[in-house]
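**Q** Protein chains in written order, with the working numbering: chain A, 1 to 392; chain B, 1001 to 1094; chain C, 2001 to 2298.
Covered by chain C, according to a simulated footprint, are these stretches of chain B (three or more residues, beta-carbon under 8 Å):
#	stretch
1	1019-1028
2	1045-1058
3	1067-1079
Chain A is faced by these chain B residues, among others (derived, beta-carbon under 10 Å):
#	residue
4	Ala1004
5	Pro1005
6	Leu1008
7	Met1011
8	Pro1012
9	Ile1013
10	Thr1014
11	Pro1015
12	Leu1016
To be clear, the hints were calculated from the coordinates, so they are not data collected in a lab. Every residue, glycine too, gets a C-beta built ideally from N, C-alpha and C.
Okay, here's what each chain looks like letter by letter:
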Amino acid sequence: MSRTIIDTGNHIAGYAAKAARAQVVAAYPITPQSPVVEQIAEFVERGEMDAEYIRVESEHSAMTACIGAAAAGARTFTATSAQGLALMHEMLHWASGARLPIVMAVVNRAMAPPWTIWADFSDSLSQRDTGWIQFYCASNQEIFDTVLQAYKLCEDRQVLLPAMVCFEGFILSHTSMPVKILDQEAIDDFLPPYDPVWVLDVGNPFSHGNMVFPEWYMEFRYFIQEAMDNAEKMIPEIDKEYGRRFGFEYGGHIERYRCEDADLVLLSMGTIGSEARIAVDNLRKQGVKVGSARLRVFRPFPKEEIRRLVKDVQMVAAIDRQISFGIEGPLFTEVKASLYGEQDHPLAAGFIAGLGGRDVTFHDIEKIAMKSLEWLRTGKVEEDVTWVGLRA
Amino acid sequence: MIKAPKNLKDMPITPLSRPTVASTGITGFWRTFRPILEPAKCNRCLLCWVFCPEGCIKRGAEDMPEIDYDYCKGCGICANECRLGAIKMEREGL
Amino acid sequence: MVALKELPKEEWILPGNAACAGCGASLSLRLTYKALGPRTVFVIPACCSTIIAGPFPYTSFSSPMLNMAFEATAAATSGVVAAFRKRGIKDVTVVGWAGDGGTADIGIQALSGAAERETDFIYIMYDNESYMNTGIQRSGSTPYGAWTTTTPTGKRQHKKNVPLIMVAHGVPYVATACISYPLDLVSKLRKAKEMEGTRYIQILTPCPPGWRFSTEKTVEMGRLAVQTGMWALFEFDQGKFKLSGPSAALIDKEKRKPIEDYLQKQGRFEHLTKEDVTMIQKWIDQTWENYKKLIENQ
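Please model the entire structure based on the sequences and the hints provided.
**A** If you want it as structure tokens, here you go:
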């Protein structure tokens, strides 16, 4: 039986791990993620979740234990934030290189120093080269649904890559929203048990990860890229299937809002994307033809979908909750990279907003839109990258 | 000896290696000295067998040690440990 | 105690591998397999054993082996154990197999965490007393005075006592062993195999290129290490201390060979002064006094 509960993003992530029937969870607490692992601990100790829970002594060990468990044939889950994710960095590479479909909730938090517990995407986006699929959620329901969709995607033999399900710390993690916890039988039908392609088995012995000379290495990396390409195709298919079965879907790679006849499209990820809808509605009331496109997935980067999105659009404004020091926001860079070489590509402007958890309200987004439209009128983007709300 | 894959389609998606003798080649080529066993002096105590790091001394008929020269690296531990001097190290192929 | 002739004839580390001629670690791996059998899953960090395993697509390991990042052995092994338990896979021995670098230094956090969680596995540190795989740099397990490439005038600190660290974790079984005493090693491993909880065994594995001695002397070096008291063979079984085999008699100082017998035979100790040697001898004698006290206070 499905039921609706009202709970925080963190707890919902715990419900999702339970619904997905994760078999081994290895995790280490960090603000603002801790309630995820606390919720799972409660489920396990109450006997409601049949999983081995390893209370590891660091995040590096959390990812490593997940790798060991996945290599031994179990469906695994973990969660972390900021410093914890950074500490795992080496093992993120390991998980993707070993083609293990680990799913991890990343409760986005800005990197230190200075110490901060509030949200931006510096933690997850600085891991964008590690071969992990990255989803960005904008509601607690989406967190629940995305964890399940992630397992379905990752465990597919065309993919076999790990995935991060990212959601902003405090904004979603500690905010309660109504969420429909779907019927377990229906979930089991959508997500069958994990069937590994390779597993440690004394009946079929091999060594994993032996040294490889230069004559082999490139091909293994090519396989990962190929898997990402496959994932890019499968993400909208799985989202649609999920929508058919359960009534929730998110537009595949990109959740569009009023983009059909837009002159300007605001691109963003996470809750800035949901906040942008209010800005869009307000501006539309004033006759401004603006739309919002919230990227639900950053890796694989939905190049094709971006190209489709901006056909007939005159300007895009990318709002990044991260700065890649030495250049600009990663969303901005990758949007432009997707459009290079396209005939008639739109003007593009980048905005850095909301670092360290600074609020990005619909007012801010309206200002971003108005500034962008000003440049559109003159035909020249005066500031390639604008920092929003920086002190004078 | 399993065949090394040649084409993309023959490769596993992640580096999986199968148990193989001679994984690093016919290591007998490494030798400078080779152990020669004199069966007449041997009392089949098997110390040479247990101490060979390569596992290339076999327990032959009635536990008479048999050295596999394909893989013996010529370290000399067997000769050094034999209490009866039944194994001598001889210079290879001079 | 198992008899020599009872040891299995099969070789589970397949010959033709990349171990150096006379490699103590290779011998320890071979003996470990003879003790534990082929239903053993190994988790191995970056270390000499990684190289002994050989290059893709081949491996010299006959049973499943998971290569792992350097500091992560015990954590990965924790994951393997949990997954096997969850999947109902029984009658498989899971072993974390790491060198001294991957255990005493970079791997100690993961090991400590796994031990504190009472993880059900065997952890084996094969101790060649340096980062040998990367070319003989010092580790926490390098003994006082030893030359290494990062301590060219000799290490100034004493060897980290990882067995006692593991005893402090309250694990059910801690043992030391040496490749020169294969039956003692095999017996201890087989005993550990029948137990539950975190079981820790540290095997002294002399290294010809690292310790600077000729390849035929590997077993002799291990023997001298024990005979001089430099390396003691013992067990802490459910917390109870017991010296094993030839080490038992060495509680009597007269029975221990002078440390020069060991030091003079290895190039890594060539530069030691008389003062250094006296200091080392004193340290060994003190260590054995401590063993005496341990026995008396039990």
